Amino acid sequence: MKIVITGTGGQGVVFLTRLITTASSLEGKHAVSTETHGMAQRGASIISFIKIGNYLSPLIRRTTASCAFCLKESESAHATAYLMPGSQLFLDSEKTSFKEDLTTYITKNKISMTSISATDKAKELGNPRGGNLFLLGFALTRYTGHALPSLDSLCAAANTLSPAKFRDLNVQLIKLGYETGSRLNGER
Amino acid sequence: MHHSEFIVNIAPSLIFLFFSGVFRHIIWTMNDRIKLQSLTATTQHKILMGNSAIARGLIESGCEVMTAYPGTPSTEIFEEVVRYKKELGLNIYTEWSINEKIAFDIAYAAAIAGKRSAVSMKQVGLNVASDSLMSAVYTGTVGGFVVISCDDPGPHSSQTEQDTRLFSIFAKIPVLDPSTPQEALELTKYAYEISERYNIPVIVRPVTRLCHGSAPVSISELAITNREAKFKKDPARWAATPSFRLKLHKELEDKLIKIREEFNSNCNFNFIINENIKLPLGIICSGVAYATVSDILNEADTPLPILKIATVHPLPLKLVEDFTCKFSKVLVVEEPDRAIEIQIRDRRNVLGRETGHIPSAGELLPEVVYESLRRAAEETKCEKLLPQQQLPELSIDFVRPTLCPGCGHRASFFSIRKAKANGIFPSDIGCYTLGINMKSVDTVLDMGAGITIADGLAKAYAKDNSNIPPIIATIGDSTFFHAGIPGLLNAHVTGSAFVLVILDNSIVAMTGFQPTAESGRQADGREVPKVSIESVVRACGIEFVEEIDPYKINDFVELVKKAHNHVKLNSKIAVIVARRPCALLEPSTERLRVKVIGEKCNGCEYCLKYCECPALKFNSSGDKVFVEDSLCTECGVCIDCCPLEAIVEA
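Just so you know, the protein sequences line up as chains A and B, in that order. Under our numbering, residues 1 to 188 are what the first sequence spells out, in order. Under our numbering, residues 1001 to 1650 are what the second sequence spells out, in order.
You may find that some hints are simply not true.
Keeping only pairs whose Cα atoms sit at most 27 Å apart, straight-line, the calculated DSS-like set for lysine-lysine is [what the hints assert, rightly or not]: (1) B:Lys1255 x B:Lys1189; (2) A:Lys99 x B:Lys1381; (3) B:Lys1318 x B:Lys1258; (4) B:Lys1600 x B:Lys1624; (5) A:Lys72 x B:Lys1609; (6) A:Lys72 x B:Lys1624; (7) B:Lys1624 x B:Lys1439; (8) B:Lys1617 x B:Lys1439; (9) A:Lys95 x B:Lys1624; (10) B:Lys1318 x B:Lys1278; (11) B:Lys1418 x B:Lys1562; (12) B:Lys1189 x B:Lys1230; (13) B:Lys1258 x B:Lys1439; (14) B:Lys1617 x B:Lys1562; (15) B:Lys1172 x B:Lys1085; (16) B:Lys1617 x A:Lys72; (17) B:Lys1085 x B:Lys1530; (18) B:Lys1572 x A:Lys123; (19) B:Lys1562 x B:Lys1463; (20) B:Lys1086 x A:Lys165; (21) B:Lys1609 x B:Lys1624; (22) A:Lys99 x B:Lys1624; (23) B:Lys1189 x B:Lys1086; (24) B:Lys1595 x A:Lys123; (25) A:Lys95 x B:Lys1561; (26) B:Lys1617 x B:Lys1600; (27) A:Lys165 x B:Lys1085; (28) B:Lys1609 x B:Lys1552; (29) B:Lys1609 x A:Lys99; (30) B:Lys1085 x B:Lys1230; (31) A:Lys72 x B:Lys1595; (32) A:Lys95 x A:Lys108.
Footprint (simulated), chain A over chain B, 3 or more residues, beta carbon under 8 Å [what the hints assert, rightly or not]: (33) 1288 to 1294; (34) 1360 to 1368; (35) 1382 to 1393.
Please keep in mind that the hints were generated in silico from the structure rather than gathered at the bench. Remember, predicted model here, so these are calculated numbers, not experimental data. Ideal placement from N, C-alpha and C gives every residue a C-beta, glycine not left out.
If we strip away everything but chain B, and leave its shape as in the complex, we get (with noise of 0.2 Å):
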């Protein structure tokens, strides 16, 4: 499924972009770099999904170590990255790390190494290497570091729609907001540039739809750097103690200063589009939101004056408020949060979130940013209004998404739920969140709190001394390894009791398949040392560690069964160990093809509520339920979910 490039020839349609309305004013606005390389003969065009164009930023900029932790959206800048290299045959080192706090320290050591280095990751993931980063700004770099944090408005993928330019502020990190897979490509040289003239690690934050968006893009050279790595050692900075600590950050508030003026006067990325309108409305608007406002504006043929910013942190504040000092009202249109908003230091012709203008949560949809524009240039009396929106008023139902056919996941949750279905329920980060369907994940946190919140919730009722109820955690193979562990040890040596199931299919199924601490193998197919799990659950203290193949649903449900009997008696954990490979990947080679009983089957839905399984439907009359063969992947498992025996062998 993986082709995020499509080579083509789109001489013609740049040509066409250049005699087109809102385009040509951003070819003419933006430097003289971006100009040639668009307009140019020698450059090769292609379509690039945005996070393809980062990684391609990413090469051309010499980028020597890339380590990543996988998480949607933002998985393919680091798969993009290992496919040239293994292509071009690059000398690039690739991870995908253990964790992205792990991710973070391995490119960043690259990068005082002397190296340009990167690493990326998900919104969330950037919470996990927050220690590092807070830290890592202060002590600043030798080689260009470049962190892209990808940022999910919506949420589609996550659990949180923080703004990574909010926690870039507060880290005092400067932050670049690109708004088209062009300009992704071209932030994250730019990116390079910025981290080595001043020494100090800069974020790229794209959004979901930049990432998993695909335009044309144009694109140069390859730039190869191999420096040598070279650790000048200097323990005022590396080490620094606290003492050191307050002169870094005086040197890291000093260097903003240098940044933020260079991000005022020199930065072909900030441009305003249609100066000389005279209109009592101004925009600012940033990344994604930038491509939206404009696309509307210029579908509707009504021009408002733009101040496009790129550099959100730290924001150009000369440029931004010489903008709003010349309306009576600016809107500022950004996602997921304010970030440009809260920076401007007079606000009051500022209309956004803070005034209601803006929604606070959700993506900034085209019809969300329309009503947003509407608004505001009928409360300032624009003389060419937006019309109204007609929005369609029809009922839609979603389809909610489910475990694959086949996938082990399910019969684990049948086999859990079946054994004790008065338990409580944490589970974690992964595909099998998705057992909420079955009613067999009752908690899911952040990554590694399927086992923190069952060992807490084991203490708080262990406290009460009566009716404590099993307590059943899940959590994933790459999941237990990135944040399970310490979990686990910690539950362990303070006395916690509770089961736990960790769902072995030995792959981030997720975001698309890539390799766990148990695969022995990395993203460019080198084999490396692998570890069992068992063995890991051994080293924290756990003696009850039973593996099972969760499609032995009475097996499994007995053992569900023994374990909490252990717990019970002993007061320690017990972890089951439920191995089967991701369906989708390796799918089973023992096939048992079922089919249901018609006079058996009484319609009680019990196998379409706790089995779930997509090839099990209601017949047309829905009295009786039937077997989709074409989605069936003959795993077997339905027949022992059936209370009443009509699921047999075909």
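The following block holds chain A by itself, in its conformation from the complex (with noise of 0.2 Å):
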């Protein structure tokens, strides 16, 4: 099973990309990431991979990813290029206005696509650097996979990674997307 987050740099790509590795360890699973530093991370395009399972490499192939996250609108081809048929790619994004390609190969490949305006939540929980956690508590409602840690184990693993001054803010974030995701899901 693989992850492809996609993000500019200092928008949380890396700690989210730690984040889901160490909750799929936490549940017994073999996970594997890598990410960006060094001058790609002063505001530019960034892209992780995690795979969980039987994995020597981090790196993903394209076409083979089965859920992408995406912290930018602007970053959505980075993510999509990554995902296989029938995958799930998340978007942290109101409305969403992608070119015409783009469009036509998420409709082809039958890729669904879910986007919350997640930094916008966060804010108002008085972290506009959150979108990231809130996106991933959100998205647990609508995956139907089998990558993505369970909501207990991510928790746990933000208590484990967050700075003390955070933890409770992180933890938080990602419950209330989680929260939210579900009152959505009830209301449809």
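With the hints as a guide, dock the two chains, each given alone in a separate frame, to form the complex.
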């Protein structure tokens, strides 16, 4: 099972990667991942990979991932290129205005897309940089595959990885995303 | 941001691994030591980044002296050793040195005094340390000495895609190429064994994806060596003159023969999988390329015989050539260059870069390796072929990296360009390389070349004695100390004339905030003497030395003009020190909220091109600029940038 995360430097791509990797390990799964450091972090497009299962290399081949998180609309094509047909894309955005080729590709490959303005929701909680965690919690309520760890494991991992100052807030962000998703599911 | 180690209980995952495909094979094939470490209940398991695993390997080997100069992707190796040192109270001497050559010498000296030591750097850092490296391989070591040089195929964060393994062949030094964080830890320990068994320095060469990739790693007990420093005088070795050097060279060649023999017959990091499958195609690979090949073939359920090599130099020729002669074709998959491939003597059935089956430039991404494997299997008429890849034809727009909002470098570059738009702007390696976005950086060669290229250009124009353009060089604080000082001295004592702006943000920012010679502290927190840039510049003989706060745009512009006049009138160098702490580390306390007056902005894009702040954006109709408050650090620099005075205090 393979997960892709795209965004730009400073959005929390690396933290989200570590969170999912750690939570998967807490569930006893073998997880490998890779992240971007150095100059590429200075506000540029970045991508992280997580592979859960019997893998040695953290790199993902295009068209083979089952799930992607995209923390910025402009990074959607970058994430989609790694997705397999029938997979799921979770996007932090209110509206989506994709280029024609991307819309066509997503439709043709039956990639299901869920978008929510996660950063705006996180801002309301007082953390403008918490969109990544809200999106993750939200995604759990729509995700139909087997790659993502459970809410409990993710919260436990957030407890371990967050600096003390942000620990409660981070767990709260994941839970709020989850609750929002559950509520909207109920309304549907 | 620095949490490269997450402690979790992953024992169940190792059991899962044991009963799953490829890994089972490795555990059965690799040596008993690894088997035991992976499976005994007493070992701890952690998710470690490759760099952290190497650091762990160092302290499990009893490394007593560790030095480094920061550089992506190597930086965290040293930082992790420092973290272990602090957390576990280890008695290790650690030092961020001024440059890689110095770091190399400090660690090497500890090794010839009998201690186990290590130095880490990125691959281009090895160029800086190469003078010492070439010689130290001849003189050898007493205590184990491990050099970690991290390659950057891609390149993601470097000026070249050079291969440390090729450098190792040139320098006649053993080199080990880890494929996973677990193997990186084990190979680091093995490097010490080889180093002490043959009294020779050993290189461990990871690549970016290993350095910054995380995986479950089993760790074991620390070794505490605490050897007394004891330098035994032996002038024929440590101060060898050319005639003794000849003897040392012969000794080195003898060592390499013995090491090659050990790698051939007694090194479990080299192994063959799927040996009994009869196919016309075999694969030889090393490092992360092995991990990639293994994942692709496993996923496609297409087992091919693979010879996995960890000891790339000296190459275990018997092992390799016994393998190659079994197949009609053998594909060599390695990166970033040909190191195994060129050592194979009979290459008539070898496919690789020489035959165009592996691209000569760029990272071996899974798509690339897949296509190489598919093509080789097709050409050798393997029974089970990999299907053609259908890669998406999507247009992907990548956002380029930019200087952060509030960065003092942005203000400096704006002022320099505003003062002398017709200038030539040689620059250097660091965050400020991103001044290219603002058209204020014209050359980036290597560390220190901001000054030497400026010097050379000044001399080339001066020779013609007409139309000499303003030459305004920039260099960062750490880069100035690293390789700038000899260049400045040379420029001054040869009568060169140009303006040099030293961009002082008081930290090594790009690699994650390491101290500089101005900081007065070391990585482990201890206080050390510090030196000011101005005193060093004056000691190089420069008379014009002025400091400025780059946020003061108008004053800065005037100062650049004044410095340029000094250069023209006196034919001497003028140095400006632009001092403002990194905005990420120490944001300005004076805040100036800004806004754009809509009626005044005509959408000329001047601020977007030459101020290039991420907080300045075009509105949705694309005719006016607005300030994105969530990104703005309220530095107020853009107020002075707008030619129409449309950006004002809010």
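**Item:** Non-conforming hints, listed in increasing numerical order
**Value:** 2, 13, 14, 15, 18, 25
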